[in-house]
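Mind docking chain B on chain A? Use the hints.
Protein chains: 2
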Amino acid sequence: MAVYTEVPDEDLAAFLKAYDIGEAVSFKGIAEGVENTNYLLVTTKARFILTLYEKRVNRDDLPFFLGLLEHLAARGVTCPQPVAARDGALLSELCGRPAALVTFLDGVSVRRPTPRQCAELGRALADLHEAAKGFELKRPNALSVEGWRRLAESARGRSDAVAPGLDALIAAELAALGPTFEGLALPSGVIHADLFPNNVFFLGDRLSGLIDFYFACDDAFAYDVAICLNAWCFETTGEFNVTKGRALLDAYHAARPLSEAETAALPALARGAALRFMLTRLVDWLDTPPGALVKKLDPLEYLKKLRFHQQAAGLGDYGWRP
Amino acid sequence: MAVYTEVPDEDLAAFLKAYDIGEAVSFKGIAEGVENTNYLLVTTKARFILTLYEKRVNRDDLPFFLGLLEHLAARGVTCPQPVAARDGALLSELCGRPAALVTFLDGVSVRRPTPRQCAELGRALADLHEAAKGFELKRPNALSVEGWRRLAESARGRSDAVAPGLDALIAAELAALGPTFEGLALPSGVIHADLFPNNVFFLGDRLSGLIDFYFACDDAFAYDVAICLNAWCFETTGEFNVTKGRALLDAYHAARPLSEAETAALPALARGAALRFMLTRLVDWLDTPPGALVKKLDPLEYLKKLRFHQQAAGLGDYGWRP
Chain A
176 MAVYTEVPDE DLAAFLKAYD IGEAVSFKGI AEGVENTNYL LVTTKARFIL TLYEKRVNRD
236 DLPFFLGLLE HLAARGVTCP QPVAARDGAL LSELCGRPAA LVTFLDGVSV RRPTPRQCAE
296 LGRALADLHE AAKGFELKRP NALSVEGWRR LAESARGRSD AVAPGLDALI AAELAALGPT
356 FEGLALPSGV IHADLFPNNV FFLGDRLSGL IDFYFACDDA FAYDVAICLN AWCFETTGEF
416 NVTKGRALLD AYHAARPLSE AETAALPALA RGAALRFMLT RLVDWLDTPP GALVKKLDPL
476 EYLKKLRFHQ QAAGLGDYGW RP
Chain B
176 MAVYTEVPDE DLAAFLKAYD IGEAVSFKGI AEGVENTNYL LVTTKARFIL TLYEKRVNRD
236 DLPFFLGLLE HLAARGVTCP QPVAARDGAL LSELCGRPAA LVTFLDGVSV RRPTPRQCAE
296 LGRALADLHE AAKGFELKRP NALSVEGWRR LAESARGRSD AVAPGLDALI AAELAALGPT
356 FEGLALPSGV IHADLFPNNV FFLGDRLSGL IDFYFACDDA FAYDVAICLN AWCFETTGEF
416 NVTKGRALLD AYHAARPLSE AETAALPALA RGAALRFMLT RLVDWLDTPP GALVKKLDPL
476 EYLKKLRFHQ QAAGLGDYGW RP
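These protein sequences, in sequence, are chains A and B.
Those letters in the first sequence? Residues 176 to 497, per my numbering, in order.
Those letters in the second sequence? Residues 176 to 497, per my numbering, in order.
This is chain A alone, in the form it adopts within the complex:
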């Protein structure tokens, strides 16, 4: 949510010489993405986002992210499309940081998605899963069970200060969900893994773009669906909205039918997804110094969601039946 690196005009001008995109008409740092510095660049030809990758992003992952965007955009997914320099490179360097240019997407992200928008999202997620097939690079999910264990270890002894009993709850969830997750063998491929409403643009009720693929990795498609159920279908007051759940799942299922095994696993996957986001938020909460540039997200929001999933008897509680 911050501009970590200021790019002087002369460095920008030198950078742009390597591209065939015209002259800069406007250049503004924007508050998008938590990890990187992003600029909105308007040239005499078009609008772009210029991203400088700050140190929290592993440079070795960049070919995966940029290659994936190129692969998806070529298959009709409305995601940022990397712009190659004159020499064909997607990745460049600016102000001592890896840097990439991507196309700009119109649209506004919504805070409280409507059922119609949840359906659009479900459809777009299925299309994304289908379009990613054939992408050749691999990236394991660093925030799957092993990652949860590491996060839990880092929070241990400190999390009760955030909510009484949280240490024990995390340990119990890991004991219950770890083996379940590790025993799953579901259809897998590239997933977005962070498709929250702030990463999706709409123009009215029409979905106009998906952004921020920096958690994309290889994992079960249905886990991506479960992440979206958490991120899209709960009300701000904490209740699960079955109308939104049904809209999302119906639309996904229509475009990429969920198998019986995927359907059966969904409640556990949703519970695991809630645990994953609770853990990352918890550790950020505990480790971020006050006044830091990063906006802290509330781990308790995901504790509430986790409790809903713990109590869910089956898919019916999500408003859905395949």
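Derived by calculation from the structure, the hints in this document are not laboratory data.
A portion of the hints provided could be inaccurate.
Computed cross-link-like contacts, DSS-like style, restricted to lysine-lysine with a CA-CA straight-line distance of at most 27 Å [as the list claims (entries may be wrong)]: (1) B/220 with A/220; (2) B/230 with B/192; (3) A/230 with A/192; (4) B/471 with A/230; (5) B/230 with B/313; (6) A/220 with A/192; (7) A/471 with B/230; (8) B/230 with B/471; (9) B/192 with B/220; (10) A/471 with A/230; (11) A/471 with B/471; (12) A/230 with A/313.
On the chain A side, residues computed to face chain B include the following (Cβ under 7 Å) [said to hold, decoys possible]: (13) 183; (14) 201; (15) 202; (16) 206; (17) 281; (18) 283; (19) 286.
Output of the computed footprint for chain A on chain B, the stretches with three or more beta carbons under 8 Å from beta carbons of chain A [claimed, not checked]: (20) 191-205; (21) 284-294.
Beta carbons: idealized from backbone N, C-alpha and C, even for Gly.
Below, chain B alone, put in the same frame as chain A:
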């Protein structure tokens, strides 16, 4: 340099209903201005900057700032032009804060202005001073001699930690410059008072816009010129560039001739301007907690400039003769 207030899409939609500017197509928080939250808003009709005034801005000053922009824009100054709501109001409210929409200006700010750009700036400054004539609201300069004394008081006993001997130097400067400034009777009117390169947009060598009028006030026109000599004509290495000084002053003088009294006062005004920016930077430096959202500017840059002005024998040292 930060987005202090997040505006949810539904609040934005409700806000826009009061205006006749179309539907939102894109809405991004931008890192512009230190004191307020700014969004770049693209609608189906045009591009705008939406500003939410945070608590450091005095609400009573907003009619002055917005009225001034309207007055200037109507007289051909390329500054942000306030957009009235359907009911005619320039000032509205959003997320509990005063808010205003202004037109978007193309252009990129430069870090190291060329002599040609300094000439453009000199001309634009003179045009601004002429165009502001007839504007009826008044706003005293809160950062003139009385303001300097308050800042010096606040830094006293702490500034030697920033540079040895700084406390004594500030006291001596105040003793020397205070009476000089208070004895001046120069042509006055609305001045920008903060026209640094980051507040000026260029498209190539052509000046395309002036922004950030939140220090604008009534004071001597020549003091505004002196502020710009400090902000535009020193090299990043610390030397005054007489070619840039001459370019700026020639261009200003051609558009709004400086009187003999103004010319004679310029060295003292430049010295006072250097003291003013050194003092505000010094107090920000001393008072801002580490890790805060605000970017701290180096007070020592202005200490160096102040020393140049102390040693200047006359206008010749600025490369100029009227």
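Practice problem: Please name the hints from earlier in the document that this structure breaks, with their numbers sorted from lowest to highest. | Solution: none
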